[in-house]
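Q: The primary structure of each chain is shown beneath.
Protein chains: 2
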Amino acid sequence: MAEHQSLEPFGPARSTVKGSPLSEDEIKQYDDFFKASCYLSLGMIYLRENPLLREPLKKEHLKLRLLGHFGSAPAQIFTYMHFNRLIKKYDLDAYFISGPGHGAPAVLSQSYLEGVYSEVYPEKSQDIEGLQKFFKYFSFPGGIGSHATPETPGSIHEGGELGYSVSHAFGSVFDNPDLIALTVVGDGEAETGPLATAWHSTKFLNPIVDGAVLPVLNLNGYKINNPTILARISHHELRSLFIGYGWEPYFVEGDDLDSMHQAMAATLEHCVNQIRGYQKKARDSGEAFRPRWPMIVLRTPKGWTAPRKVDDNYLEGFWRAHQVPITDPATNSAHLELLEEWMRAYEPDRLFDKSGKPIPSLRALCPDGNRRMSANPVANGGLVRKPLRMPNFRDYAIKFDRSATTLSSSMKNMARFMRDIIALNPHNFRLFGPDETESNKLGAVYEAGKKVWMGEYFEEDKNGGNLAMAGRVMEMLSEHTVEGWLEGYVLTGRHGLLNSYEPFIHVIDSMVNQHCKWIEKCLEIEWRAKVASLNILLTSVVWRQDHNGFSHQDPGFLEIVANKSPEVVRIYLPPDGNCLLSVMDHCMRSVNYVNVVVSDKQDHLQYLDMDAAIEHCTKGIGIWPRFSTDAGKNPDVVMASCGDISTKESLAAIDLLLQHFPDLKVRYVNCVDLFKLIHPSEHPHGMSDKEWVSLFTADTPIIFNFHSYPWMVHRLTYKRPGNENIHVRGYREKGNIDTPLELTIRNKTDRFSLAIDAIDRMKHLQNRGAAARQAFLDAQIRAREEAFETGMDPPYLTQWTWPREGLWKKAAEKLVSM
Amino acid sequence: MAEHQSLEPFGPARSTVKGSPLSEDEIKQYDDFFKASCYLSLGMIYLRENPLLREPLKKEHLKLRLLGHFGSAPAQIFTYMHFNRLIKKYDLDAYFISGPGHGAPAVLSQSYLEGVYSEVYPEKSQDIEGLQKFFKYFSFPGGIGSHATPETPGSIHEGGELGYSVSHAFGSVFDNPDLIALTVVGDGEAETGPLATAWHSTKFLNPIVDGAVLPVLNLNGYKINNPTILARISHHELRSLFIGYGWEPYFVEGDDLDSMHQAMAATLEHCVNQIRGYQKKARDSGEAFRPRWPMIVLRTPKGWTAPRKVDDNYLEGFWRAHQVPITDPATNSAHLELLEEWMRAYEPDRLFDKSGKPIPSLRALCPDGNRRMSANPVANGGLVRKPLRMPNFRDYAIKFDRSATTLSSSMKNMARFMRDIIALNPHNFRLFGPDETESNKLGAVYEAGKKVWMGEYFEEDKNGGNLAMAGRVMEMLSEHTVEGWLEGYVLTGRHGLLNSYEPFIHVIDSMVNQHCKWIEKCLEIEWRAKVASLNILLTSVVWRQDHNGFSHQDPGFLEIVANKSPEVVRIYLPPDGNCLLSVMDHCMRSVNYVNVVVSDKQDHLQYLDMDAAIEHCTKGIGIWPRFSTDAGKNPDVVMASCGDISTKESLAAIDLLLQHFPDLKVRYVNCVDLFKLIHPSEHPHGMSDKEWVSLFTADTPIIFNFHSYPWMVHRLTYKRPGNENIHVRGYREKGNIDTPLELTIRNKTDRFSLAIDAIDRMKHLQNRGAAARQAFLDAQIRAREEAFETGMDPPYLTQWTWPREGLWKKAAEKLVSM
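The listed protein sequences derive, respectively, from chains G and C.
The first sequence lines up with residues 1 to 818 when you count with full-length UniProt numbering.
The second sequence lines up with residues 1 to 818 when you count with full-length UniProt numbering.
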């Protein structure tokens with residue numbers, strides 16, 4: 001085929017696929033549908049009264065403030081409606097993802113014409129009154145958003161923050177073999193990093209077990225105020241790019257409506273047939289393969305069908321069509337006239353009946369029932385969600401004879417639990433991660449489900465590759481993509497877990513923010529059924545970035561999460577392996593949360609047997625009598641911690657203190673559920689002040705060793721009685737190439753520093769404490785020297801267990817069994 | 001050319017460019033250089049003693065803990081050393097960016113062989129003692145990092161968090177017309193979103209005024225534990241991908257050293273000549289164009305030249321070569337033997353002389369002086385930094401007759417200042433942003449420097465496009481890319497500013513984190529000269545996301561920044577336009593900081609004339625007597641704010657209070673410099689407790705209206721005297737489609753809520769206050785109703801100015817002129 005080289009979006013259709021599948025009459029019908037849809041989009045932006053222009057347009061009919069975006073609407077509408085033809089023809093199971101920013105007018109108009117919008121929101125009925133409300137409340141306080149927000153029927157993707165349409169689409173079709181996600185990608189969005197790499201998702205899509213994504217890259221040429229890159233490179237480069245990404249791009253370019261209708265209809269049909277053909281071939285043969293999946297490049301003018309110019313300024317086909325296309329009809333009567341003329345050209349008189357209802361021939365183009373894309377239950381994932389089949393987490397308990405004497409990897413143990421969840425849920429659960437699952441010691445999962453890989457296979461893969469075309473683990477070195485997949489997967493009714501190094505999870509701060517916001521809104525929307533929680537497991541934690549150095553030290557993701565709605569976010573820092581099991585079991589069963597679990601992957605001390613762990617995690621925070629010597633009352637000091645490494649150091653600090661002050665009344669408090677610390681008015685998990693005092697007292701020094709930044713504990717506890725007694729240690733920016741010990745010492749979260757903190761804060765020890773203080777300092781220096789000599793932490797620190805024999809005599813006698 | 005289709009990295013060289021530029025003798029020399037470099041890389045990972053294997057290798061010579069990564073080293077070394085030939089031949093100005101994670105052994109070995117490392121760190125001398133230290137301290141506590149950290153000579157790019165090598169490289173060559181950034185991109189890194197879109201940077205590079213980036217995509221095939229996508233797609237797809245991105249890819253593939261030396265030498269030379277040719281053509285003609293710039297795809301085995309197998313497991317050419325290639329030589333004597341054999345195959349006996357110095361023929365391959373890539377001053381940007389030529393910011397003052405009676409856009413005004421900075425610094429300053437510069441009301445800058453655009457041009461661009469091939473404004477819809485460009489630009493000695501919508505700046509949380517860490521480390525490194533600060537201007541703030549809705553509401557970036565080192569981060573929230581000018585002037589002149597400035601773009605009240613603004617910004621926080629009625633002592637309440645919108649509401653709340661309680665002693669405190677709030681032990685800007693008390697008292701209720709999350713103020717002030725009196729209002733996750741007023745009301749940061757807060761906290765007003773309280777509630781409800789009716793905030797709120805005539809009589813008399 002000779003390449004058509006024009007980059008201008010104007011003229012008769014130029015398309016890769018030829019064909020005229022539509023009759024003249026059909027062209028006319030689609031033209032009507034397009035007009036009605038564009039009319040609705042403009043109405044949303046402009047009109048508060050006179051919704052069908054039954055009287056001449058006056059400025060009093062206009063909204064006082066014009067808000068909303070027209071630019072991407074026509075091309076999205078065009079795509080949506082022509083796909084409807086194929087849904088009807090082939091009885092397709094499909095839904096629509098609107099990638100371009102502020103794409104709501106496009107999808108709202110379709111949902112309204114399908115009748116879904118009025119079914120979901122009866123007051124926005126298909127008549128003049130309903131239409132007026134529909135228009136008025138668009139981009140209006142408390143009303144309808146200008147993005148495809150959770151209130152939008154059929155949406156799982158808001159498109160507020162750009163970049164995630166393709167990864168969301170893929171997430172939704174994994175394990176949904178009959179589903180097609182028709183995904184319009186904006187050429188602005190396409191410039192973002194997350195979108196640019198998400199095209200590679202095809203290397204993880206299996207045509208037997210998964211559905212298909214049909215992307216339509218809409219080159220309307222402009223962003224807010226700039227041309228787009230992809231609209232200004234040669235046809236050859238553009239085509240090469242998508243072939244390079246592994247797609248077969250089909251071009252549909254132009255603005256002449258009649259020929260464009262034919263071209264789009266023919267191209268979409270060709271793509272659907274190709275998708276179905278590849279799926280059939282793979283499914284019939286049982287042999288998966290990676291075809292070059294079809295995608296469409298739809299080049300149309302921005303604000304297609306708007307006036308080409310307003311005065312001397314280009315509108316259609318320029319960035320001025322991005323938002324409100326004609327900005328001043330209220331003050332410029334010529335512009336008001338132009339607007340009216342434009343709107344009337346969409347023929348509202350003809351296309352809506354006397355009552356204001358769309359005429360039957362429009363409705364006839366829409367599919368029925370749940371085949372209407374805005375009614376597809378997959379986009380209200382809670383409706384189709386099946387609970388996970390869960391093994392009994394108690395069966396994976398780490399067994400030990402005595403608390404705090406056994407070292408083992410909580411993560412490695414938990415991997416067996418995860419493995420069996422995978423085995424029990426072969427179509428309903430996936431594990432996601434950026435190439436770190438094995439490094440995070442979760443490799444046992446591969447026994448139940450290998451890593452999905454649709455790229456080429458080499459001989460070496462047979463020996464430890466753990467790759468398979470049909471697998472359960474999704475790994476790509478793009479936190480953005482795996483997070484996007486997980487979000488799409490969960491929002492369409494399935495379950496999953498993302499595992500990541502703690503320090504690099506900041507890469508997806510903004511994505512997690514947006515998901516939290518999505519879930520929070522969903523809580524307010526009656527018809528949105530609850531979806532599985534988004535579970536994020538952070539490991540390879542900041543305290544064990546052994547020698548990786550400063551760039552790998554950042555525990556701040558917890559703050560990002562804690563800033564989101566208390567209705568949505570949950571943060572757990574299990575101190576040991578049995579607590580990790582209990583917490584994970586809870587998270588996997590929960591709905592509509594974003595759960596963040598922080599647990600290191602290295603060997604750590606195990607403290608609680610399974611029953612004690614369940615009890616502790618259920619409470620979320622509690623005194624550990626075994627590690628306390630205050631017999632439940634009037635402690636001299638409260639040692640507290642949150643996080644596994646923090647806990648070990650806190651307990652070792654108690655050990656040190658008791659060596660020197662055997663009669664010391666120490667209370668140890670462990671926190672698993674971070675939001676227990678906050679007042680109940682701020683988070684539903686918050687404990688009452690009474691409970692707080694029963695744990696921490698109102699007048700005792702508290703040495704709180706925390707996994708993340710110390711001020712996070714202050715922020716959570718500043719309203720607590722006796723909050724001035726809380727002395728928090730945590731991570732601060734003082735990094736280096738460090739051993740774990742050195743890192744804790746620099747941050748004063750090591751046992752020696754904590755013990756010194758405790759002495760310094762117990763007034764009655766000020767005199768007695770000097771010798772002990774010095775002994776701790778000496779021991780700290782000794783340990784440092786050893787570490788600097790060998791490059792490793794001294795074994796008596798790394799392998800420290802509790803209790804050390806023969807130590808703290810009086811105190812030991814007081815020990816209460818847990 | 002027939003396409004070579006093998007994806008296996010083994011065998012004789014397969015290359016696009018043919019040729020044999022090297023003599024047999026040269027091949028031998030480069031082979032030696034390669035061997036010496038690989039030997040050094042292994043030595044760093046394994047040896048603490050016996051650095052040149054002058055005696056048989058024993059386990060006692062091994063480091064106790066083996067850390068470091070070999071996988072990407074050989075191919076990076078190979079690239080680096082063959083480029084040296086061209087530096088010498090053509091006297092090139094070039095430096096090296098190491099993209100693959102943990103790439104330090106590659107660059108350290110080169111710096112050591114060039115002699116630069118020993119010049120910078122004399123104790124790591126070019127002899128046995130120095131070598132032993134060099135080896136020992138690699139990945140050792142307090143020692144040499146396993147990434148190209150700031151301590152690494154010649155590095156501006158650490159490669160800890162992956163994804164930014166290409167955007168950093170482009171940033172460094174903008175306005176550096178003679179510079180070539182030789183940039184190795186890992187195939188793991190290439191999967192990240194930021195990297196995937198950064199390839200498009202060519203659409204912003206002008207061959208006349210800018211230098212060139214020569215990317216070498218190293219397909220070593222594996223990440224930590226997975227194959228890489230780009231190594232497992234067909235040659236056709238891979239080639240198409242880079243053509244699509246706008247590059248001309250040249251392939252060099254194989255593992256046979258002799259033929260690979262020839263192929264790489266020929267290919268690099270071809271690329272350099274092509275780069276120079278394009279530059280010459282453009283410069284001679286004065287006509288810029290976008291060539292298809294050359295790039296190289298270097299496909300080699302991971303851990304190239306490592307043993308192919310260890311026992312039955314693949315090592316070379318598999319992911320097992322990623323990190324420490326042979327993991328257990330200390331406990332497995334066969335493996336110790338294998339390691340020794342492997343290391344001796346690199347012939348350390350021959351390649352280092354008796355003293356341990358590299359033999360002269362190795363040194364002879366390196367360029368001299370600053371032409372050595374690890375000595376290029378561009379990578380120590382402070383050395384080449386020229387101060388900005390600054391216009392006098394006072395000349396841009398917003399003039400007004402009376403404080404708080406004029407509404408204007410601080411941002412639009414500041415744009416004139418920015419415009420003139422651009423004009424005065426045509427080669428030394430650029431403005432960066434993700435397609436929002438115009439929307440952010442900074443459009444005036446285009447008068448001095450247009451937007452760089454090397455894509456196709458259309459007719460429409462002439463009418464408001466503001467595009468040019470040589471411009472000063474860099475806009476791409478990728479926060480990642482523009483931030484990466486800015487970082488590269490600043491780190492190589494220039495100046496810049498990023499402007500962004502506040503809510504979406506979280507997209508680059510992790511990048512800013514990493515830059516803060518980089519700068520912090522630089523402060524500790526004597527030879528690193530100071531670079532210009534990284535300036536981030538946040539606007540389109542969370543409080544004015546008019547109708548954009550919930551997804552556009554997130555003020556949390558300030559917390560991300562505040563968590564970084566106090567030596568590096570600065571946060572300013574100027575209350576008005578003259579303060580914005582003063583703050584921006586300060587930021588643009590500063591060095592080695594990350595400055596974040598938050599200022600809305602809409603029209604706002606102007607409070608301070610230029611002199612007062614300078615004084616206020618210099619102090620960073622202060623009482624505004626004009627808006628206070630306490631005559632400087634014993635206030636009944638302190639109303640405080642930080643942020644422009646917050647300030648307006650706080651002042652309006654004072655107005656409301658005074659209407660009802662004309663004798664109220666109100667003190668108003670404004671905070672510009674956020675870190676003034678924190679104790680000086682925590683940040684150098686922190687004020688003393690004495691100053692704190694002089695502003696806030698220790699016993700008066702404080703109603704603090706804050707731009708971001710309220711707990712941030714608590715976190716900053718929890719150590720302050722009387723901190724229990726601080727009542728903070730700020731943003732919380734309660735979003736919706738809102739008018740600005742409604743958003744503040746939901747968050748209780750509006751004037752009515754603040755006035756009610758004040759009443760509720762002034763004990764002596766408990767009885768007198770009931771009527772006023774009710775009046776405020778009524779007014780609030782009325783204002784809401786109006787807004788819900790019209791979709792707009794009532795004009796008496798948006799246009800509220802101070803003082804309203806005839807109000808608060810007694811209080812007005814007390815006003816002190818500022």
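A portion of the hints provided could be inaccurate.
The list cannot tell twin chains apart, which means a pair is met if one copy fits it or any two copies do.
As the list claims (entries may be wrong) - With a straight-line cut-off of 30 Å between C-alpha atoms, the simulated DSSO-like cross-links for lysine-lysine are:
1. 412 x 690
2. 136 x 748
3. 462 x 763
4. 89 x 18
5. 281 x 35
6. 309 x 462
7. 719 x 763
8. 763 x 18
9. 665 x 719
10. 719 x 58
11. 734 x 133
12. 35 x 399
13. 734 x 281
14. 136 x 89
15. 734 x 530
16. 450 x 354
17. 619 x 281
FYI, nobody ran anything at the bench for these hints, they're computed from the structure.
Q: Each hint: holds or not?
A: Outcome of the hint check:
1. 412 x 690: Neither: 38 Å inside a chain and 53 Å across chains, both beyond 30 Å.
2. 136 x 748: Classified as between; 27 Å across copies, 58 Å inside a copy.
3. 462 x 763: Result: close neither inside a copy nor across copies, 65 Å intra and 76 Å inter.
4. 89 x 18: within (19 Å within a copy, 55 Å between copies)
5. 281 x 35: neither (39 Å within a copy, 51 Å between copies)
6. 309 x 462: Intra 62 Å, inter 14 Å, cutoff 30 Å: inter-copy only.
7. 719 x 763: both (24 Å within a copy, 19 Å between copies)
8. 763 x 18: The answer is neither: 87 Å in one copy and 80 Å across copies each exceed 30 Å.
9. 665 x 719: This pair counts as both: shortest intra-copy Cα distance 26 Å, inter-copy 27 Å.
10. 719 x 58: neither (56 Å within a copy, 61 Å between copies)
11. 734 x 133: Answer is between: at 24 Å across copies they meet the 30 Å cutoff, but 57 Å inside does not.
12. 35 x 399: Classified as neither; 69 Å inside a copy, 51 Å across copies.
13. 734 x 281: Classified as neither; 58 Å inside a copy, 50 Å across copies.
14. 136 x 89: Neither way: residue 136 and residue 89 sit 36 Å apart in one copy and 71 Å across, limit 30 Å.
15. 734 x 530: between (42 Å within a copy, 19 Å between copies)
16. 450 x 354: neither (60 Å within a copy, 52 Å between copies)
17. 619 x 281: So residue 619 and residue 281 fail the 30 Å test inside a copy (54 Å) and across (73 Å) alike.
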